[in-house]
Amino acid sequence: MTDFSAMTDKNNEKIDKNKEEPGGLRVKPINNGTVIDHIAGGQALNVLKILGISGTTGATVSVVMNVESKKLGKKDIVKVEDRELREEELNRIALIAPAASINIIRNCRVIEKRPVDLPDEIVGVVRCQNPNCISNTHEPIKSRMLVKVKNPVLLRCLYCEQPLADGIAEYLI
Amino acid sequence: MFRKRHVLSMREFSKEEIDSVLDLAQSLEPLARGKKSSMLAGKILALLFFEPSTRTRMSFETAMKRLGGSVINLGPAEGSSISKGESLADTVRVIGGYADALVIRHPKEGSARLASQFSPVPVLNAGDGAGHHPTQTLLDLYTIRKESRLENLHVALVGDLKYGRTVHSLAYALSLYGADITLVSPPTLRMPDPIKADLSSKGTIVRETADLGEVIDNVDVLYMTRIQRERFPDPVEYQKVASSYRITPESLAGSQQNLIIMHPLPRVDEISPSVDDSSHARYFQQSFYGVPVRMALLKMLLEGDQVD
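Top line first, the protein sequences correspond to chains F and E. So the first sequence is numbered by this note's numbering: it starts at 35 and just counts up by one. So the second sequence is numbered by this note's numbering: it starts at 12 and just counts up by one.
Chain F on its own, in the form it takes in the complex (with noise of 0.2 Å):
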């Protein structure tokens, strides 16, 4: 399989060619939008929870799952159609997939590669693991989540101040 980002380019800006995935093509390069790349195998699903992005919300969505990767051994990879994801959208995409890089594809050319970097603080995006946190109830606010450590991740509830490092998908809103 084709490098996912090499895909996408036409004008000889390939990146990292053919070096994962030797083989044929599972997805057709997209035109426009946003492609990401490097998820940890196992991770796409959880990735469009992250991001907002279910059956429902009308994006052509294409998700491939568990390609053989050099780097991370099995990878997934999104590519969301005439959407360019916002930075602060795709940094929370980090929570999970730490080792994601994101191309933001316009006219078929890759106008922007970058990995993900997790902001200070994540809010609304992963609920407090304390069932006895006030988060956790029907108060008027957001989960919020400072980030402690980046990779890998280590989480702390601004709340209740109770830690989260592992199985943070499971408490994905």
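Note that these hints are calculated values from the structure, not bench results. All C-beta atoms, glycine included, are put in the ideal place defined by N, C-alpha and C. A hint or two may mislead.
27 Å max Cα-Cα, derived BS3-like pairs, lysine-lysine [stated by the list, open to error]: (1) Lys15(E) <-> Lys176(F); (2) Lys176(F) <-> Lys105(F); (3) Lys26(E) <-> Lys182(F); (4) Lys182(F) <-> Lys95(E); (5) Lys95(E) <-> Lys184(F); (6) Lys95(E) <-> Lys176(F); (7) Lys147(F) <-> Lys182(F); (8) Lys207(E) <-> Lys182(F); (9) Lys54(E) <-> Lys182(F); (10) Lys62(F) <-> Lys105(F); (11) Lys173(E) <-> Lys147(F); (12) Lys213(E) <-> Lys184(F).
On the chain F side, residues computed to face chain E include the following (Cβ under 10 Å) [stated by the list, open to error]: (13) Asn125; (14) Asn141; (15) Cys162; (16) Cys167; (17) Ile168; (18) Thr171; (19) Pro174.
Position chain E relative to chain F; hints supplied.
Same frame as chain F, now just chain E:
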């Protein structure tokens, strides 16, 4: 310099800020003992206790009244707007309009921080579930400073170190003063590892044992806590543990002359009443010191020029 708007957690206090609270408490102690004052005349303190409390609620009320201020009470949650399903956020916005500061005790962790986000006036955390109880820690520090010393201290924290919120905050605060800390608890009620790791990372010497007899003769402060019966599914096991962490005049036979014994109260079986008259007992003084310490905090929050 005390520059806080709210008092929510000991983690937000520097050593200098703690010292400034304790210094002011010291100067207010004559007022706490009954000397007249009108420092906070015209100010109103609202007590929002969503859980039962005796010492904390009454000492806040006493502190405010000793400074010439007045107090309003939420009263029992039943029969109030809470029973009608009002959120805590709305409750503190409303009552924050009636008072100059709020004291809150609530069963949910993080509730005081939430209250501080919605309240138009300062919030003092008087216990949020298993979370923080900073005014208890400050009065504990005041007691140690006054009745023993805060520097070069060897303290033993004894009893339920897993669930007891007071010992978590106190251990953290003592680490700021470079204390040596010995943790004495049954294996099932040991202090959680992340808290121990945090203390060690600050250079605090932390030892751990299940045997109170090992340390009782070598420490400056014995800080006793209640072991709750409901933590043990087997009543026989509870009795065994409870009796091994009981202080009696006999168990103190080899202790240092200047040892002090503290307890946040209420006690059940941890300290024999026959210890009350010994030169080591300080738990009733400790309880009283809640008044000057809370007076100091109220004065700083309501009178000072602090910023958020």
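Verification of the supplied hints:
| no. | hint | result |
| --- | --- | --- |
| 1 | Lys15(E) <-> Lys176(F) | holds (24 Å) |
| 2 | Lys176(F) <-> Lys105(F) | violated (35 Å) |
| 3 | Lys26(E) <-> Lys182(F) | holds (23 Å) |
| 4 | Lys182(F) <-> Lys95(E) | violated (38 Å) |
| 5 | Lys95(E) <-> Lys184(F) | violated (42 Å) |
| 6 | Lys95(E) <-> Lys176(F) | holds (23 Å) |
| 7 | Lys147(F) <-> Lys182(F) | holds (26 Å) |
| 8 | Lys207(E) <-> Lys182(F) | holds (18 Å) |
| 9 | Lys54(E) <-> Lys182(F) | violated (39 Å) |
| 10 | Lys62(F) <-> Lys105(F) | holds (23 Å) |
| 11 | Lys173(E) <-> Lys147(F) | violated (47 Å) |
| 12 | Lys213(E) <-> Lys184(F) | holds (22 Å) |
| 13 | Asn125 | violated (24 Å) |
| 14 | Asn141 | violated (45 Å) |
| 15 | Cys162 | holds (8 Å) |
| 16 | Cys167 | holds (5 Å) |
| 17 | Ile168 | holds (4 Å) |
| 18 | Thr171 | holds (6 Å) |
| 19 | Pro174 | holds (5 Å) |
In terms of the numbered hints stated before, the structure departs from hints 2, 4, 5, 9, 11, 13, 14, listed from lowest to highest.
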